[in-house]
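Protein chains in written order, with my numbering: chain A, 1 to 493; chain B, 1001 to 1140.
Don't take every hint at face value.
Listed next, with one range per pair, are the computed distances between beta-carbon atoms [claimed, not checked]:
| id | chain 1 | residue 1 | chain 2 | residue 2 | range |
| --- | --- | --- | --- | --- | --- |
| 1 | B | Asn1090 | A | Gly55 | 46 to 52 Å |
| 2 | A | Lys154 | B | Ile1007 | 44 to 50 Å |
| 3 | A | Arg157 | B | Lys1013 | 40 to 46 Å |
| 4 | A | Phe107 | B | Asn1090 | 23 to 29 Å |
| 5 | B | Lys1013 | A | Met1 | 52 to 58 Å |
Everything labelled a hint here was simulated from the structure, so no lab data went into it. Given the structure is predicted, the values throughout are model-derived calculations rather than measurements. Cβ atoms here follow ideal geometry from the backbone N, Cα and C, with glycine treated the same way.
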Amino acid sequence: MINLLLFPIIIPFLFAILLLFFKENVVMQRVLSVIGVTLGLIASFYLLITIKAEGVQVVTLGSWPAPFGISMVSDMLSALLVTTTLLITLFVIIYSFTSIGKERERFFYYPAILFMVTGVNGAFTTGDIFNMFVFFEVLLIASYLLIVLGGEKKQLRESIKYILVNIVSSALFVITVAYLYSVVGTLNMADISVKITEIGQPGIITVIAVLLLIVFGIKGSIFPLYFWLPGSYAAPPIPVLALFGALLTKVGIYAIMRTYTLFFIHDTGFTHEILMVLSILTIIAGCIGALAYFDLKQIIIYNIVIAVGVILFGAAQMNEAGISGAIFYLIHDMLIKGALFLLIGIIIYVTGTSNLRKMGGLMKTHAPLGWFYLIAAFGLAGIPPLSGFVGKLLIAQGAFQAGNVWGSIIILASSLVVLLSVMRIFIYAFWGEPVALPKIERKSYAQLMFPAIVLVVLSILYGIGTEWLIPYMTDATNVLLDPSIYIDAVLGE
Amino acid sequence: MKTNDVILQTTTKVVFFIIFLFSIHIFFAGHYTPGGGFVGGLLTTGAIVLLLLAFDLKTVQKALPFNFTIMTGIGLLLALGTAAGAIFFNVPFFTHAFDYFTLPLFGETSLHTAMVFDAGVFLVVVGSAITIIQSIGGDS
Chain A
1 MINLLLFPII IPFLFAILLL FFKENVVMQR VLSVIGVTLG LIASFYLLIT
51 IKAEGVQVVT LGSWPAPFGI SMVSDMLSAL LVTTTLLITL FVIIYSFTSI
101 GKERERFFYY PAILFMVTGV NGAFTTGDIF NMFVFFEVLL IASYLLIVLG
151 GEKKQLRESI KYILVNIVSS ALFVITVAYL YSVVGTLNMA DISVKITEIG
201 QPGIITVIAV LLLIVFGIKG SIFPLYFWLP GSYAAPPIPV LALFGALLTK
251 VGIYAIMRTY TLFFIHDTGF THEILMVLSI LTIIAGCIGA LAYFDLKQII
301 IYNIVIAVGV ILFGAAQMNE AGISGAIFYL IHDMLIKGAL FLLIGIIIYV
351 TGTSNLRKMG GLMKTHAPLG WFYLIAAFGL AGIPPLSGFV GKLLIAQGAF
401 QAGNVWGSII ILASSLVVLL SVMRIFIYAF WGEPVALPKI ERKSYAQLMF
451 PAIVLVVLSI LYGIGTEWLI PYMTDATNVL LDPSIYIDAV LGE
Chain B
1001 MKTNDVILQT TTKVVFFIIF LFSIHIFFAG HYTPGGGFVG GLLTTGAIVL
1051 LLLAFDLKTV QKALPFNFTI MTGIGLLLAL GTAAGAIFFN VPFFTHAFDY
1101 FTLPLFGETS LHTAMVFDAG VFLVVVGSAI TIIQSIGGDS
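Kindly generate the complete structure, drawing on both the sequences and the hints.
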């Protein structure tokens, strides 16, 4: 099965195409999209096992020889991300059944999600820098549809911003790839790494490194390029917000991690120093935002920004603890953000508002929601043995080893701010005097709870099962720390 | 306001077929020389847009009663199917195959699987471009 690593990309794509034929048939749309994502998930688990057993999987499209054809490369990091992506998408789709509304379902909502997953998985898997641009476009165009679908006034305003920002960053992406190509004369990522090592990273390559950081920084929302994110993400309905928050910024983070461990490794004193300083500033800016708002959505959205900073800070350490901490935290953050967004979606559904000041006393009427929210909140802050703990511990450990004491102190302090920001939601929404709730159907409440609870349970398992995940994480870390594994797999020497 | 566009409409009835035939020529030329599914599809779209300019949306929809969304879907399926055919032979995705056949009228011709892929691209381009134009033009 030489094409196995492509299955998590092709299967959602195939089902997205099939859905185009059943525009009006909502039941068919739901059934087919669940089947599609489930099949993709099975394929990605199989891929995970194969990579564990046989090492990095590579296929070069069209049977062309490696540096010339487009290589698709699946190492442990990409396989883990692809699997998590499909997992979250599955539960967000199930959540959408009751929350998104028939109108949106009949206007290509599910095909858009599946096309976006195609793009996200493609970007995680590709081994060709220009092809990465193409997959970025695939996921962006699908996300344009998702953010504007429904056509509310707020959505239209924010989608114009979102599209403008992303068009600018995509243009910059192509320009940067052109610079890179004019210097090294290749687009294959493994080959680029070899060529940069041969010429020893002169100044121009460092310039390109910073340009790429800007490009991926806009998508991944690092300081000061995250300005568009809080407004745009708050506009679409909750399931779309959950997908964006859990998946899209992570593609930018993945691209930064990949390029900064594969290409630009000869002048880390400069490039990785910038990355580290920016990630600390990102954390601080995110913390300020998370404490400043009384709006549920905004608080969690600023928590995305904090997490981006934490992950990139870990990646910038370039030692084993830092990188594996970053990978642990990356997967954790995808799961927990998915879960949290779905949970606050239920809180908003139950109370009919996203303003914290107008809530209260939910604990008396919706106790399970409160407890699961509390677990997710503790997981986000990294209280042991929940899922955020190991990642943060390793990142802090890596930073101490690399001598960045101040940075790790800020990371640890940010955990407290994260805890405070999510506990504020808990205190305001669940404690205090009950307020009058709008009438809702008990059945749809239960249907919304199911996917959210499963995601929370998965994140608990992820925290408790750390011991079993370590072999996988070690494999992922090794490839990032030792580019020759990646290069040998692609170029076959 | 009623405009007199007899000349435009009469010309269009002829020119449409010329452009359409030329687009098919460009499509088949595309394998070894400039052209292909994308350009061919754009030319066909151009021909349909000319019809839309000369007549109105309703007439054109009556003359070409296709659902262009479905056409996009069929095109995507063709393209993906051609590329995915490689999976069944366990060779890398997108690997193409070709051979020489002797056909009546054409003589010895090389037939490529890449052409089926290109036909998919052609349908996707026409389908999506016309869908966009119809949904923007249909508003007024």
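Subject >> Earlier hints that do not hold, by number >> reply: Hints 1 and 4 contradicted; others consistent.
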